[in-house]
Amino acid sequence: MLIIQGAVSLGLIFSLMAIGVFLSFRILKMPDLSVEGSVILGAGMAARLVSGGVNPFLATAFAMVVGCFAGLVSGVLHTKLKIPGILAGILTMVASYSVVIRIMGASNVPLLPHGPQRVVSVFTFLTDAGLSRANAIILLSLVIVIVAGALLYCFMGTEFGSAIRATGNNQQMVRAQGINTDVMIIACLMLSNGLVALAGALWAQQQGFASVDMGIGTIVVGLASVIIAEVLFRPRMFWTSLIAIVIGSIIYRLIIALALSVDFMRPTDLRLITAVIVTIALCMPLIREKCSKIFAKKGES
Amino acid sequence: MLNIENIHLTFDPGTPIEKHALNGVSLNLERGDYVTVIGGNGAGKSTLLNITAGTLFPDKGAVSVDGVNITHMPEYKRAQYLGRVFQDPRRGTATDMSIEENLALAYRRGKTRGLRWHINNKERKFYKERLATLDLGLENRLSDKVGLLSGGQRQALSLLMATLKEPKVLLLDEHTAALDPKTAKKVLELTNKIVNKYNLTTMMVTHNMRDALKNGNRLMMMYEGNIILDVKGEEKANLTVQDLLKMFETASGEEMTSDRMLLT
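As you go down the protein sequences, you meet chains A and B in turn. One gets my numbering by counting positions in the first sequence from 1 and adding 16 to each. One gets my numbering by counting positions in the second sequence from 1 and adding 126 to each.
Keep in mind the hints are simulated off the structure, nothing from the lab. Treat the hints loosely; a few may be bogus.
To be verified - Heads up, simulated SDA-like pairs for lysine to any residue below, C-alpha to C-alpha not over 20 Å straight-line: (1) K98/A <-> P200/B; (2) K98/A <-> F183/B; (3) K203/B <-> D198/A; (4) K203/B <-> W255/A; (5) K237/B <-> D198/A; (6) K271/B <-> W255/A; (7) K271/B <-> E175/A; (8) K45/A <-> R216/B; (9) K271/B <-> F254/A; (10) K237/B <-> L298/A; (11) K237/B <-> T256/A; (12) K203/B <-> F254/A; (13) K203/B <-> K45/A; (14) K203/B <-> G173/A; (15) K291/B <-> T95/A; (16) K248/B <-> E175/A; (17) K96/A <-> T181/B; (18) K45/A <-> T221/B; (19) K291/B <-> N196/A; (20) K271/B <-> R250/A; (21) K98/A <-> T181/B; (22) K312/B <-> K237/B; (23) K271/B <-> K98/A; (24) K237/B <-> Q187/A; (25) K271/B <-> G173/A; (26) K237/B <-> Q188/A; (27) K271/B <-> M253/A; (28) K237/B <-> N196/A; (29) K45/A <-> D222/B; (30) K237/B <-> M172/A; (31) K271/B <-> T174/A; (32) K45/A <-> R217/B; (33) K98/A <-> L182/B; (34) K271/B <-> G224/A; (35) K271/B <-> Q187/A; (36) K271/B <-> I162/A; (37) K45/A <-> F183/B.
Said to hold, decoys possible - Covered, in the sense of this in silico footprint (three residues per stretch, anywhere, with C-beta under 8 Å from a C-beta of chain B), are these stretches of chain A: (38) 173-181; (39) 191-197.
Think of the CB as a built atom: it goes at the ideal place given N, C-alpha and C, for glycine as much as any other residue.
Okay, chain B solo, but in the shape it has when bound (with noise of 0.2 Å):
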């Protein structure tokens, strides 16, 4: 479903801070695959997010999604085989707008933009289902500005917006690490629901090594612009923290010191 092939992307080249943030990332999701993918800062992670989602280009490379190549394809017209979630709660709804209102944006995802109305009744009675499965009472609150809710309202919403039209593949982008705890877990049984339901392709990338090694039918570890670590089905079931950690000094040769990696 999604194919990238041999991703180069160097930041600043030629220059003293130069950086290859991806040597040659090669990766292929079947349909209804949910990776996710972890690593430290600077690792590559949120670089290969934004080379699938279109906020940066590759040097080398090509990425397509369902046969479709997309490697150069302008961000809002790939946006329709895409479903994302930013890590920030603010960047994916329109604080200024009602959430009927930012549910019609994202309801017509893909499609061309023209004179009818913005919404219409029978949407409204969609909207309102959808909103019941969060759970969060929002269903009685169409017309309210989405600026009035909680961060973690807003995540779940921005969720709900990213899989409302059904995408191709869905990408979420650390979209729990903004949250408090108790609301970041909400929000990622949520995500669960959601992508077990429509058995969507997913690709999350996390700091989080639980978070990681708890969902999806698959694991990828990131280092240094390249996947070191890439496994799948009963082998990731089976995984632990500690067999990570060792995993990581073996392929890096370095001994895991970094950062939020070992936090939770």
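Bound-form chain A, shown alone (with noise of 0.2 Å):
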């Protein structure tokens, strides 16, 4: 019970980094890997106004912001200074961790609050009307969630999003009718990685700290739960991609949880454990085929 309420929470607070890498990987077809900067200088940012006394929920939007800002300087990189898009992201991603630490004024910062108060985060209200503080960060993490794609959706069904999502498929198309490709790259980039800062911001207060090495591996869990939702759910439209998406990601938490629970399993081995699984959901479609070949021959047989 208490490894699936984990879980959950953690499932659902990253399913918004996945939404995030979501939007570049398939919806853009780039490969971001700026977003491995955004979590860390949302999750930094977000301790850093926290304990410093901000209201959390303030803290947690400006998270947002800097993550939007690292996703303009890559699409600028990209777009403006013709830098490869996988290296404009990896640029940006380097120069983030020398901001974090700036924002952080060290490599590690904890969510206790100076002086006598108790410690603050955007779960407390929900805690101090009754709820166990495990439930509140589901609640929240699940209304967040809600909001953050009811919003999106909305937002790819206008003609701006609409656009956005055609630049993905064809440039010279979009081009051709009237579209600035650039700055809709742009615009998607800084949506993403905004996404991605705002899971950053939930998980350090979710965890009690934030410490600039956390984002590691970052593009790969979020491509682990877009890639277990495609398989698994083999999403056809936007929306359902979104919720095939968040399920994707808890079912990922769910089997580092139970991998970790193996007895000889340490707890640094969960980026080998991501890695092995994304391979392993990579070649979904591969097995499938080889099987299909070979239940077929035994039934000419």
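Assemble the dimeric complex from its two separately framed chains, guided by the hints.
In structure tokens, the structure reads:
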């Protein structure tokens, strides 16, 4: 029960990140590694502001803005300075490490209040209302995921959102229809990194600290959720993709929790397990094809 | 309507592979002119079209549409004046999006994209009517992904998209070259139907001499970055493939041996 609770709460928080990765990888079809930086930018900004006494919701909003800025930098590097997408993301990611240490003032910031007040986070008002901490995290994360998902769905249905989706499909055609593809790419990366930073901010408040190395592997975790969602549910529409990704993110957390509960596994094996899961998920179509061939042959003989 | 003046463009200048793609090409299309442009590989016909479309920029010279100088205007900005159909059917449409979404994108050509919903019911009706004129049954498949369509259907859709919001100039870049002969004929018929109906100023680049002779009211032949033949009206209507070959030999001083121009 405890495992499931933990998996659901982390899965919900990280689904925001997975949706961010989905926006760049799948909608824009650009492997944007700056999300590795945005997650710690979001976490660091939120941790610094919350521990400095700022309202946690305001701090979380600020964290999102910083994430959007990271997306803006990647987008400008890619579109205006013509740096290949993957390299633009790496540059932003590397720079983010320095920036986040500046923001936090150290490589590790616990969410402890100055003075005698108690620890405050976005979840505090719910625990004050009588909810357990675990339930508070799940409830608030769920509300945030639903609101963010609904807003994103509506946005992608507008003329602007439609232009972003088309840009990921066929830039040549989009320009021929009078749309500035540079603007669309930058906007999509800002949106994507903003969501990832939001996930980072919630994550820091959930675990009670932010550290500069917590972002390593973000991209693979996000991708894992997206791929699990695609393999299991094969969503066709944008909104079904969003729902599938949220469920995929929770499933990913469950798999991780189960794998780590095996005796000889250590918490530090997390990233190895993640890589294995993504590899398996990625070659699922191949495995399926092979299997169906084998079964077809058996049917013949 | 379309005015091209003394365009020069050299690829890779100062290197051993330097190539003068266009050597002072000038051309003036009146409103409603439908010019077909032929020429062998490397004659400069696609380069000329790309300079008009804004995917290439000239070293010298000027391009203007309806009096507006667009020589250095970025591709996406000049798109408000131009309709374009590409050679590759996949390039003119967004594969993962539905037919109606593609049409809605095209219907807003030249407008800023805001936060209004990307399509409305009134438009849908209009798209249905226009799709019905293609006679391909697409009017009943509005929400189908474009990736499900055949090459010919996609090209017909591209054509519709290019003309949905009436362009000042329609650019056709060998838009039937990638299709099988039967489909190519059908798409060309559609092209003529649409061009005539809206009296569109059109530039069609083609490899096919017969198509160039049969369609449009004006014909241009290019050779090594120059226009070596420009005929219109009755003179053009009376031309034959043999005449074209002879004219090419006189103008270029070479025998026409070249490749695909002779085909069909």
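Here is what the structure says about each hint:
| no. | hint | result |
| --- | --- | --- |
| 1 | K98/A <-> P200/B | holds (16 Å) |
| 2 | K98/A <-> F183/B | holds (18 Å) |
| 3 | K203/B <-> D198/A | holds (13 Å) |
| 4 | K203/B <-> W255/A | violated (32 Å) |
| 5 | K237/B <-> D198/A | holds (16 Å) |
| 6 | K271/B <-> W255/A | holds (16 Å) |
| 7 | K271/B <-> E175/A | holds (18 Å) |
| 8 | K45/A <-> R216/B | holds (17 Å) |
| 9 | K271/B <-> F254/A | holds (13 Å) |
| 10 | K237/B <-> L298/A | violated (40 Å) |
| 11 | K237/B <-> T256/A | violated (30 Å) |
| 12 | K203/B <-> F254/A | violated (29 Å) |
| 13 | K203/B <-> K45/A | violated (24 Å) |
| 14 | K203/B <-> G173/A | violated (23 Å) |
| 15 | K291/B <-> T95/A | violated (28 Å) |
| 16 | K248/B <-> E175/A | holds (16 Å) |
| 17 | K96/A <-> T181/B | holds (16 Å) |
| 18 | K45/A <-> T221/B | holds (13 Å) |
| 19 | K291/B <-> N196/A | holds (18 Å) |
| 20 | K271/B <-> R250/A | holds (16 Å) |
| 21 | K98/A <-> T181/B | holds (16 Å) |
| 22 | K312/B <-> K237/B | violated (31 Å) |
| 23 | K271/B <-> K98/A | violated (31 Å) |
| 24 | K237/B <-> Q187/A | holds (17 Å) |
| 25 | K271/B <-> G173/A | holds (16 Å) |
| 26 | K237/B <-> Q188/A | holds (17 Å) |
| 27 | K271/B <-> M253/A | holds (11 Å) |
| 28 | K237/B <-> N196/A | holds (11 Å) |
| 29 | K45/A <-> D222/B | holds (12 Å) |
| 30 | K237/B <-> M172/A | holds (18 Å) |
| 31 | K271/B <-> T174/A | holds (18 Å) |
| 32 | K45/A <-> R217/B | holds (16 Å) |
| 33 | K98/A <-> L182/B | holds (17 Å) |
| 34 | K271/B <-> G224/A | violated (46 Å) |
| 35 | K271/B <-> Q187/A | holds (17 Å) |
| 36 | K271/B <-> I162/A | violated (27 Å) |
| 37 | K45/A <-> F183/B | violated (28 Å) |
| 38 | 173-181 | holds (count 8) |
| 39 | 191-197 | holds (count 7) |
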